[in-house]
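**Q** Residues per chain are reported as follows:
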Amino acid sequence: MDTTALQAQNVRVTYDGHEALKGVTLDIPRNQITALIGASGSGKSTFLRTLNRMHDVTPSAAMSGSITFNGHNILDKDTDVIELRTKIGMVFQHPVPFPKSTFDNVAYGLRIQGERAPRSRGVVKLLGKRMIDWKKLEASTDRMESTVVQSLKDAALWDEVKERLHLSALRLSGGQKQRLCIARMIAVRPDVLLLDEPCSALDPISTRKIEDLLMKLKEKYTIVIVTHNMQQAKRIADYTGFFHMGELVEFDATKKIFEEAEKQLTRNYVKGYFG
Amino acid sequence: MNTIRTHARHRGHLSNALGIGLLWTIASIVALLFLGIIAYIMWEGVQYLFDPVFYGTREYGIGRELFNTLYLLILSQVLLLPIALGAAIYLTEYARTRALVDAIHFAAETLASVPSLVLGLFGVLIFVSYFGLGTSRIAGALALVCLNLPFALRLFENAITAVPHELREGAYALGATTWHTIWTIVLPSALPDIVTTTILTSNRVIGESAVLLFTMGLFSPANSLTLDWSLPGATLTTHLYNVTGPGAGTTGLSMHQEMIVTAGSAALLITVILLFNIFARVIGHAVSKSLAAE
Numbered sequence: 605m606d607t608t609a610l611q612a613q614n615v616r617v618t619y620d621g622h623e624a625l626k627g628v629t630l631d632i633p634r635n636q637i638t639a640l641i642g643a644s645g646s647g648k649s650t651f652l653r654t655l656n657r658m659h660d661v662t663p664s665a666a667m668s669g670s671i672t673f674n675g676h677n678i679l680d681k682d683t684d685v686i687e688l689r690t691k692i693g694m695v696f697q698h699p700v701p702f703p704k705s706t707f708d709n710v711a712y713g714l715r716i717q718g719e720r721a722p723r724s725r726g727v728v729k730l731l732g733k734r735m736i737d738w739k740k741l742e743a744s745t746d747r748m749e750s751t752v753v754q755s756l757k758d759a760a761l762w763d764e765v766k767e768r769l770h771l772s773a774l775r776l777s778g779g780q781k782q783r784l785c786i787a788r789m790i791a792v793r794p795d796v797l798l799l800d801e802p803c804s805a806l807d808p809i810s811t812r813k814i815e816d817l818l819m820k821l822k823e824k825y826t827i828v829i830v831t832h833n834m835q836q837a838k839r840i841a842d843y844t845g846f847f848h849m850g851e852l853v854e855f856d857a858t859k860k861i862f863e864e865a866e867k868q869l870t871r872n873y874v875k876g877y878f879g
Numbered sequence: 095m096n097t098i099r100t101h102a103r104h105r106g107h108l109s110n111a112l113g114i115g116l117l118w119t120i121a122s123i124v125a126l127l128f129l130g131i132i133a134y135i136m137w138e139g140v141q142y143l144f145d146p147v148f149y150g151t152r153e154y155g156i157g158r159e160l161f162n163t164l165y166l167l168i169l170s171q172v173l174l175l176p177i178a179l180g181a182a183i184y185l186t187e188y189a190r191t192r193a194l195v196d197a198i199h200f201a202a203e204t205l206a207s208v209p210s211l212v213l214g215l216f217g218v219l220i221f222v223s224y225f226g227l228g229t230s231r232i233a234g235a236l237a238l239v240c241l242n243l244p245f246a247l248r249l250f251e252n253a254i255t256a257v258p259h260e261l262r263e264g265a266y267a268l269g270a271t272t273w274h275t276i277w278t279i280v281l282p283s284a285l286p287d288i289v290t291t292t293i294l295t296s297n298r299v300i301g302e303s304a305v306l307l308f309t310m311g312l313f314s315p316a317n318s319l320t321l322d323w324s325l326p327g328a329t330l331t332t333h334l335y336n337v338t339g340p341g342a343g344t345t346g347l348s349m350h351q352e353m354i355v356t357a358g359s360a361a362l363l364i365t366v367i368l369l370f371n372i373f374a375r376v377i378g379h380a381v382s383k384s385l386a387a388e
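Chains as they are written, first to last, in my numbering: chain W, 605 to 879; chain E, 95 to 388.
In case anyone wonders, no lab produced these hints; they're calculated from the structure.
Quick caveat: nothing in here was measured; it's all calculated off a predicted structure.
Built from N, CA and C at the ideal position, the CB exists for glycine as well.
Cross-link-like lysine-lysine pairs, in silico, DSS-like; alpha carbons within 30 Å at most: (1) K822/W <-> K739/W; (2) K383/E <-> K740/W; (3) K757/W <-> K383/E; (4) K739/W <-> K383/E.
A partial selection of chain E residues facing chain W, derived with a Cβ cut-off under 8 Å: (5) L261; (6) G264; (7) Y266; (8) A267; (9) L268; (10) G269; (11) A270; (12) H274; (13) P282; (14) S283.
Turn these sequences into a full structure, and let the hints guide you.
**A** Next comes the structure, spelled out in structure tokens:
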């Protein structure tokens with residue numbers, strides 16, 4: 605099996621003529637955690653968002669170069685962006701669940717793909733309110749229902765929410781919301797998970813839970829995480845890329861970047877001299 | 095030193111208290127003014143709201159006018175909502191040409207500041223004459239759509255843009271198309287504001303008179319209680335205007351009956367609008383709660 609999941613070649617991004625990314629070349633290894641670090645405005649988030657074409661919703665953004673994924677250039681005009689995003693999913697900085705029930709949040713991506721849950725199983729109406737019997741749901745053999753259950757378990761959230769799957773996801777705590785966003789992402793079975801500063805709005809305990817989760821998820825997924833927190837990169841990432849002023853300064857094994865980086869700029873950054 | 099600081103702090107407290115007191119007084123005057131008007135109108139007319147003859151079509155009954163008002167409300171809203179909501183969705187979610195969006199906004203704002211009397215004349219020229227609809231309910235409804243469109247468009251746009259961008263990105267990142275995102279995430283989230291806008295435009299339909307004087311006329315024929323949209327007719331407001339204004343003494347009503355129509359219609363208008371607001375708010379709240387599974 606190929607050990608490279610994504611191959612970026614000379615990727616450039618401009619916003620209204622302003623060059624935000626000045627030609628980045630980078631191989632992202634499969635089933636590993638790759639951290640992208642750098643100061644605000646260094647281009648790391650911009651690069652992350654090219655990987656599943658999230659820039660398409662920003663009309664002023666223009667991209668060039670190539671990113672090879674499964675033998676196809678993501679940046680090609682004929683790429684099916686909708687299909688691409690089910691293969692390369694993204695979790696954002698602010699954990700914003702949809703204003704729906706916890707169950708419906710995780711089922712959202714599956715419903716897009718045409719999956720329908722049988723109304724009779726698991727979900728019952730009680731006093732006019734939709735209730736979900738989690739024991740029945742857990743035992744369900746329906747594809748959609750079992751995927752929802754498995755995704756919540758994979759996101760280490762099942763035990764905390766199984767009693768209130770029918771209630772609004774907006775009632776969950778910040779850390780739970782972020783794990784829910786991860787659960788709804790992995791429910792569509794992507795190959796790559798992109799995370800854009802997923803812990804910057806969370807407390808240390810919730811952050812720890814997400815980090816443990818990511819360490820487990822890398823067995824199944826290729827993970828790329830943008831982070832401002834260098835300790836986090838050090839703790840979880842196998843590889844780290846350092847961005848500065850729209851360029852990838854250095855990319856190597858995490859240990860190397862933090863202990864004996866080649867470039868002076870990288871050494872200064874990881875020591876906290878700027879940024 | 096200590097005394098000076100205490101003094102300064104005390105002065106700060108005093109001006110703060112004065113400011114709050116002044117604002118409180120202004121707010122109370124405004125509230126009393128509004129409540130006073132409502133109370134006066136209700137006091138004058140509430141007795142007729144329990145009179146069955148008042149709702150009939152004989153003597154001083156306003157049955158036809160009440161029916162016309164409700165008919166017009168439904169017809170104009172059915173025409174307005176898809177157009178205004180569709181345009182708002184296009185302008186906020188799809189339109190890529192800044193110039194086109196700006197041009198539409200400029201046109202809408204200009205239209206919004208056109209006096210309703212002028213809009214009524216426009217309705218006569220375009221809908222009544224040019225399209226040959228005559229003085230009719232459909233001409234009235236179309237003119238009302240023109241009156242409400244800029245207003246509804248701007249409020250719908252605000253409702254849609256107020257939906258957090260992160261919600262859209264979350265849906266896109268799961269492989270949702272723009273349309274699917276709008277349908278399943280954006281519109282449900284904007285629903286409470288959409289409902290509020292619908293109440294506001296409905297209230298304008300119930301309360302509008304100038305536009306309808308020209309496009310629907312002042313005479314309600316005997317077959318008014320049918321769904322024929324080509325019929326002319328007065329609404330509660332234009333009837334009220336006619337009975338007390340230009341038509342006073344010519345409508346076959348005694349002066350006492352004219353007074354009943356005026357006072358009763360005014361009280362009825364206030365009551366209908368009040369009930370409508372309460373009802374729509376309750377519905378909107380319930381719908382958004384059930385959508386969010388709260």
